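Participant: Each chain, letter by letter, is given below.
2 protein chains.
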Amino acid sequence: MEATARAHPNIAFIKYWGNRDDHLRIPANSSISMNLDGLSTETTVEWADDIAADYLILNGTAQTGPALERVQRHLDMLRRRLNLSAYARVESTNNFPMGAGIASSASSFAALTVAGVAASGRGDIDERELTRLARLGSGSASRSVPGGFVEWHSGDSHETSYAESMAPENHWALVDVIAVISTAHKAVGSTEGHKSASTSVLQTARVADAALRFEQCKRAILDRDFVTFAEVVERDSNLMHAIMMTSRPPLFYWLPGSLEVMESVRSWRSEGLDVCYTMDAGPNVHCICTQERAAEIETRLRQMTYVVDVRTAGVGGAASVVRVSKR
Amino acid sequence: MEATARAHPNIAFIKYWGNRDDHLRIPANSSISMNLDGLSTETTVEWADDIAADYLILNGTAQTGPALERVQRHLDMLRRRLNLSAYARVESTNNFPMGAGIASSASSFAALTVAGVAASGRGDIDERELTRLARLGSGSASRSVPGGFVEWHSGDSHETSYAESMAPENHWALVDVIAVISTAHKAVGSTEGHKSASTSVLQTARVADAALRFEQCKRAILDRDFVTFAEVVERDSNLMHAIMMTSRPPLFYWLPGSLEVMESVRSWRSEGLDVCYTMDAGPNVHCICTQERAAEIETRLRQMTYVVDVRTAGVGGAASVVRVSKR
Chain A
478 MEATARAHPN IAFIKYWGNR DDHLRIPANS SISMNLDGLS TETTVEWADD
528 IAADYLILNG TAQTGPALER VQRHLDMLRR RLNLSAYARV ESTNNFPMGA
578 GIASSASSFA ALTVAGVAAS GRGDIDEREL TRLARLGSGS ASRSVPGGFV
628 EWHSGDSHET SYAESMAPEN HWALVDVIAV ISTAHKAVGS TEGHKSASTS
678 VLQTARVADA ALRFEQCKRA ILDRDFVTFA EVVERDSNLM HAIMMTSRPP
728 LFYWLPGSLE VMESVRSWRS EGLDVCYTMD AGPNVHCICT QERAAEIETR
778 LRQMTYVVDV RTAGVGGAAS VVRVSKR
Chain B
478 MEATARAHPN IAFIKYWGNR DDHLRIPANS SISMNLDGLS TETTVEWADD
528 IAADYLILNG TAQTGPALER VQRHLDMLRR RLNLSAYARV ESTNNFPMGA
578 GIASSASSFA ALTVAGVAAS GRGDIDEREL TRLARLGSGS ASRSVPGGFV
628 EWHSGDSHET SYAESMAPEN HWALVDVIAV ISTAHKAVGS TEGHKSASTS
678 VLQTARVADA ALRFEQCKRA ILDRDFVTFA EVVERDSNLM HAIMMTSRPP
728 LFYWLPGSLE VMESVRSWRS EGLDVCYTMD AGPNVHCICT QERAAEIETR
778 LRQMTYVVDV RTAGVGGAAS VVRVSKR
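As given, the protein sequences belong to chains A and B, one line each in that order.
For the first sequence, our numbering assigns the number 478 to the initial residue and increments by one for each residue that follows.
For the second sequence, our numbering assigns the number 478 to the initial residue and increments by one for each residue that follows.
FYI, nobody ran anything at the bench for these hints, they're computed from the structure.
Some clues are possibly wrong.
[As the list claims (entries may be wrong)] Here are the in silico distance ranges between beta carbons for each label pair:
1) Ser747(A) <-> Pro543(B): 22 to 30 Å
2) Ser747(A) <-> Arg779(B): 49 to 57 Å
3) Ser797(A) <-> Lys672(B): 48 to 56 Å
4) Thr776(B) <-> Asp786(A): 30 to 38 Å
5) Thr782(A) <-> Thr570(B): 20 to 28 Å
6) Ser747(A) <-> Thr570(B): 32 to 40 Å
7) Pro543(B) <-> His635(A): 53 to 61 Å
8) Ala544(B) <-> Ser747(A): 25 to 33 Å
9) Gln780(A) <-> Thr776(B): 31 to 39 Å
10) Arg779(B) <-> Glu641(A): 29 to 37 Å
11) Arg779(B) <-> Ser797(A): 39 to 47 Å
12) Glu641(A) <-> Thr776(B): 51 to 59 Å
Computed from a predicted structure; not experimentally measured.
Where a beta carbon is used, it is the ideal one built from N, C-alpha and C, also for glycine.
From just these sequences and the hints, can you work out the full model?
Facilitator: Here it is as structure tokens:
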């Protein structure tokens with residue numbers, strides 16, 4: 478059978494950085510994110526008897542090397558879980574650029590997992606289990622399976638590390654106005670980056686405080702309290718980057734333009750605009766604001782020298798099966 | 478009597494950020510610095526019976542408000558220590574700009590202390606005591622009293638918190654090539670900044686690791702081991718700024734140009750140039766290199782868009798009494 482699934486990337490408000498278990502991708506701390514509407518990965522999986530190996534076509538190009546190997550390992554896991562012996566044809570398309578700070582691995586492994594399970598015909602795998610399976614491919618992919626505002630409970634085992642929606646996409650009309658600073662592929666993949674976290678003497682302290690930030694952020698989202706939300710989101714982003722910059726060797730994702738945008742966002746908020754920033758493992762700055770401010774924020778960002786593009790995304794829904802068919 | 482003293486500012490390799498005791502300026506961790514030759518504060522102190530209050534002329538302008546008050550408190554302390562009742566005329570001149578990341582409070586309070594003691598005629602106050610007294614005015618001023626490469630033992634009391642030279646100025650021909658990014662006065666004075674350190678959840682971890690960094694840095698200086706020196710100096714600077722950026726509210730001293738220079742310095746070092754960066758509470762980037770590379774580094778920095786000026790300073794000597802006279 479063949480199935481196509483679509484999943485959204487997500488932007489984390491309480492970051493995942495550092496694993497308790499690298500192999501199972503059990504994170505050091507719980508995290509929170511929102512899915513990004515309008516940005517998506519669409520993946521088709523066909524479990525086929527007529528091919529001799531898994532193959533992967535990404536954005537129209539057949540993949541080899543590490544990218545293919547990572548997907549093959551995920552397919553191996555799915556085969557064990559679904560009791561399949563077939564190889565898979567996988568075709569995947571992202572409608573946004575890879576490796577520039579918009580988490581493509583999250584939407585990719587979420588879509589791959591949902592499509593792979595749907596194509597198997599198994600009806601006994603619930604959303605929570607889907608988030609665990611996606612997590613095994615890429616930690617943050619767990620958060621792209623449920624809809625809206627999502628929490629990934631770190632847990633301390635495969636069973637207890639799963640994601641679930643804390644509020645649906647229509648709970649709070651936030652927009653991620655993404656200031657694109659550079660579209661170059663980042664030098665250090667996230668999987669390797671997570672291993673670097675423990676080389677910073679500050680990581681233990683960051684993780685120890687994470688549960689408090691998680692609760693502050695969750696409460697702010699549920700209450701739609703932008704002031705509290707902004708403070709904890711920016712602090713959490715800066716805490717993650719503080720660990721990155723003090724790792725050995727250091728990881729610097731900020732570019733001069735990133736700093737300029739973050740400074741501007743703080744300044745705009747002090748003028749009364751509800752906007753805050755957060756950054757992932759790349760130079761782009763995610764400016765989170767309320768829907769009524771999004772156009773204004775986009776206009777201001779486009780005027781800045783280092784901002785080469787601006788993308789906007791509202792709150793996205795759950796990963797979904799687009800179609801299933803027998804081949 | 479009247480005395481004039483000259484002291485150099487210093488650039489810290491292992492930073493002082495955060496106090497164990499704010500009032501006595503007992504630091505949370507020990508620090509290391511080198512004095513900067515060619516940059517100096519020259520201060521004349523006259524203990525006079527014919528004036529009704531302390532007065533301060535700084536760079537030719539009579540001072541009032543917080544700047545005068547801070548000096549008055551220091552003079553009060555000196556009066557108690559020296560058993561004097563006279564007020565003081567203080568005239569001070571810096572040959573470098575204030576508040577832009579070149580520690581003027583260090584050279585200022587070192588020169589003020591040395592001049593004030595010299596003008597009192599007291600011969601029983603040794604260098605170690607001078608560093609304690611300077612420390613009471615501004616923590617890092619303790620390090621501008623001795624010469625060359627200096628260590629400030631944090632201690633845990635007034636008596637045990639003092640600075641001393643670990644190596645003379647001719648031990649290692651390092652140069653601080655200062656990339657000036659902006660000459661604006663910084664928004665948050667260092668005294669207040671130190672209090673902010675404890676608002677970061679990362680400060681305790683930074684301080685806990687400081688003794689190890691101190692030893693690594695001291696060993697590298699004594700061995701003239703630039704590779705080890707560069708790694709620990711940059712890490713220590715990034716650790717301090719990590720605390721600053723995650724304080725509540727956050728303190729961002731980096732400007733876009735600062736990031737650009739730091740990235741360039743890392744790149745040049747990977748090409749084989751012995752150069753490393755360190756930053757204080759301001760946007761300027763101190764590029765520490767060996768004397769034979771200084772001209773090359775200066776040339777490269779001057780070509781960068783955001784670098785508005787470049788100052789170079791070799792290793793400076795101890796604070797010194799320039800002249801003493803009876804008025």
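Participant: All hints, please: hold or fail.
Facilitator: Hints, verified against the model:
no.: 1; hint: Ser747(A) <-> Pro543(B): 22 to 30 Å; in the structure: 24 Å, holds
no.: 2; hint: Ser747(A) <-> Arg779(B): 49 to 57 Å; in the structure: 35 Å, violated
no.: 3; hint: Ser797(A) <-> Lys672(B): 48 to 56 Å; in the structure: 51 Å, holds
no.: 4; hint: Thr776(B) <-> Asp786(A): 30 to 38 Å; in the structure: 35 Å, holds
no.: 5; hint: Thr782(A) <-> Thr570(B): 20 to 28 Å; in the structure: 39 Å, violated
no.: 6; hint: Ser747(A) <-> Thr570(B): 32 to 40 Å; in the structure: 37 Å, holds
no.: 7; hint: Pro543(B) <-> His635(A): 53 to 61 Å; in the structure: 59 Å, holds
no.: 8; hint: Ala544(B) <-> Ser747(A): 25 to 33 Å; in the structure: 27 Å, holds
no.: 9; hint: Gln780(A) <-> Thr776(B): 31 to 39 Å; in the structure: 34 Å, holds
no.: 10; hint: Arg779(B) <-> Glu641(A): 29 to 37 Å; in the structure: 56 Å, violated
no.: 11; hint: Arg779(B) <-> Ser797(A): 39 to 47 Å; in the structure: 56 Å, violated
no.: 12; hint: Glu641(A) <-> Thr776(B): 51 to 59 Å; in the structure: 58 Å, holds
The structure does not agree with the numbered hints 2, 5, 10 and 11 stated previously, though it agrees with the rest.
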